[in-house]
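Participant: Based on these hints, arrange chains B, C and D on the given structure of chain A.
Listed here are the chains, written in short residue letters.
4 protein chains.
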Amino acid sequence: MAMPFEARYRVYWHHTDGAGIAHFSRILAIVEQAEEDFYASKGLLHVHGRLPRREVYASFLYPLRRGDEVLVRIWADEVRRRAVRYRFEILNLTAGRKAAEGHVVAVCVDSEGGELKAVECPQEFVEAWKEA
Amino acid sequence: MAMPFEARYRVYWHHTDGAGIAHFSRILAIVEQAEEDFYASKGLLHVHGRLPRREVYASFLYPLRRGDEVLVRIWADEVRRRAVRYRFEILNLTAGRKAAEGHVVAVCVDSEGGELKAVECPQEFVEAWKEA
Amino acid sequence: MAMPFEARYRVYWHHTDGAGIAHFSRILAIVEQAEEDFYASKGLLHVHGRLPRREVYASFLYPLRRGDEVLVRIWADEVRRRAVRYRFEILNLTAGRKAAEGHVVAVCVDSEGGELKAVECPQEFVEAWKEA
Amino acid sequence: MAMPFEARYRVYWHHTDGAGIAHFSRILAIVEQAEEDFYASKGLLHVHGRLPRREVYASFLYPLRRGDEVLVRIWADEVRRRAVRYRFEILNLTAGRKAAEGHVVAVCVDSEGGELKAVECPQEFVEAWKEA
Chain A
1 MAMPFEARYR
11 VYWHHTDGAG
21 IAHFSRILAI
31 VEQAEEDFYA
41 SKGLLHVHGR
51 LPRREVYASF
61 LYPLRRGDEV
71 LVRIWADEVR
81 RRAVRYRFEI
91 LNLTAGRKAA
101 EGHVVAVCVD
111 SEGGELKAVE
121 CPQEFVEAWK
131 EA
Chain B
1 MAMPFEARYR
11 VYWHHTDGAG
21 IAHFSRILAI
31 VEQAEEDFYA
41 SKGLLHVHGR
51 LPRREVYASF
61 LYPLRRGDEV
71 LVRIWADEVR
81 RRAVRYRFEI
91 LNLTAGRKAA
101 EGHVVAVCVD
111 SEGGELKAVE
121 CPQEFVEAWK
131 EA
Chain C
1 MAMPFEARYR
11 VYWHHTDGAG
21 IAHFSRILAI
31 VEQAEEDFYA
41 SKGLLHVHGR
51 LPRREVYASF
61 LYPLRRGDEV
71 LVRIWADEVR
81 RRAVRYRFEI
91 LNLTAGRKAA
101 EGHVVAVCVD
111 SEGGELKAVE
121 CPQEFVEAWK
131 EA
Chain D
1 MAMPFEARYR
11 VYWHHTDGAG
21 IAHFSRILAI
31 VEQAEEDFYA
41 SKGLLHVHGR
51 LPRREVYASF
61 LYPLRRGDEV
71 LVRIWADEVR
81 RRAVRYRFEI
91 LNLTAGRKAA
101 EGHVVAVCVD
111 SEGGELKAVE
121 CPQEFVEAWK
131 EA
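Chains as they are written, first to last, in this note's numbering: chain A, 1 to 132; chain B, 1 to 132; chain C, 1 to 132; chain D, 1 to 132.
This is chain A alone, in the form it adopts within the complex (with noise of 0.2 Å):
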């Protein structure tokens, strides 16, 4: 039975924006996070580089502020030969609230002259989501 991966981080002063909350691009710079502390768990982390994302979908639910921590929980939506879909949740524990949900499909890829084409993930990369 897969489990989701779990990371904690705390909400800095350059997270925030003028209306005092962590800005939402800087939201999910942090969920990226978490997914790098997940490859670096499975001697993975190489890989990410090759991993731009085709798709990223948030909703805001509470917001993070400065000094709030925070657990950022992902888990293994569909897992493809050239792709995968992760399903995330932000868990604001200072608050006691969920900040934020979402996925995010990353889709591995190979560089030719610049052009970025889609190849098969490593199969370690497919194993480690599997789990996940």
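Hints in this document: simulated from the structure, not taken from any laboratory. A portion of the hints provided could be inaccurate.
Stated by the list, open to error - Straight-line Cα separation of at most 20 Å, PhoX-like style, residue types lysine-lysine; simulated pairs:
| no. | chain 1 | residue 1 | chain 2 | residue 2 |
| --- | --- | --- | --- | --- |
| 1 | D | K130 | D | K42 |
| 2 | B | K130 | B | K42 |
| 3 | A | K130 | A | K42 |
| 4 | C | K98 | D | K117 |
| 5 | C | K42 | C | K117 |
| 6 | D | K98 | C | K117 |
| 7 | A | K98 | B | K117 |
| 8 | A | K117 | B | K98 |
Facilitator: The following block gives chains B, C and D in isolation, referenced to the frame of chain A:
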């Protein structure tokens, strides 16, 4: 008949990541720039600070590289009393390709005691979007 | 005898630029994270939002790459009534090299009518820095 | 007689932090935009990706707020065979105040086996800076 709002930007080095292409989170920040320039063109820039994103969706179709000229086009998809849903597309003018498309739902809020509370959007804001 | 405050961070993909190394502006944001974690350790995180930088200097000695573990060390250089000047160094623990060093001058301010006005720093803030 | 290169930018929401002013790290990214636009104006944009910063100094004099128009002015301070030191100033045109000033040392490098090695800068790069 409504017309999309258009704005042009250049992709800079600080937008890129280790793959040599603009990071998805910074592409989304460029979409927000177009939204702000739309408000600025209507004298409504002050409203933007009370418009947290409720939902963001993006599909990335073609990379943006440093130096590329981009055209961002935004137009209202659904204008409600307390929120607007707008669609965007990003054209990579340098490559002659559509780079991304998606939508954003932004909610009009007031902050009371730190909580964000959805409120009715200013009338001129609603009008501006109905024309876009 | 004062002791530097130390905090550890990981370099993530969104820190990198097209050269595959952390962008200087994001390295400086990591220094600020250490400053915030120092305040948090002293119960003074709320002060940080009224501490605009007056001066920042950094010398970059060795690159930070995605996945690298870094140690940021900060210590007071000069503690004045209305400002603190602290020094920092960043060690790339993964490479075993000093990555950067420099200093920051941050000023205690109050905002009146939108203008930032230098004011005396809170006493506990001054004390905390004198110990670091 | 050399002339500073000038470029104009607007401050956007994603530049601001919780204090409602542009975050210092993003102000520095705007300085880099001016450097890139200078290279672009000389047909030298490709050089920029091999120009890591060796040193950055900034003094912040007046805040930049969302919507402010800024003028960035850069000019060579010292042009060496393997590095350039340029000075910058940022004028907040909206407020009619100087917002920041400082300098940047950028080094021409080649990457060999992942190490950055200082090399001689391209001749046209040296010439371009000597005129700025």
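Participant: Which of the stated hints cannot be reconciled with the structure, identified by number in ascending sequence?
Facilitator: As far as the earlier hints go, only 5 is violated by this structure.
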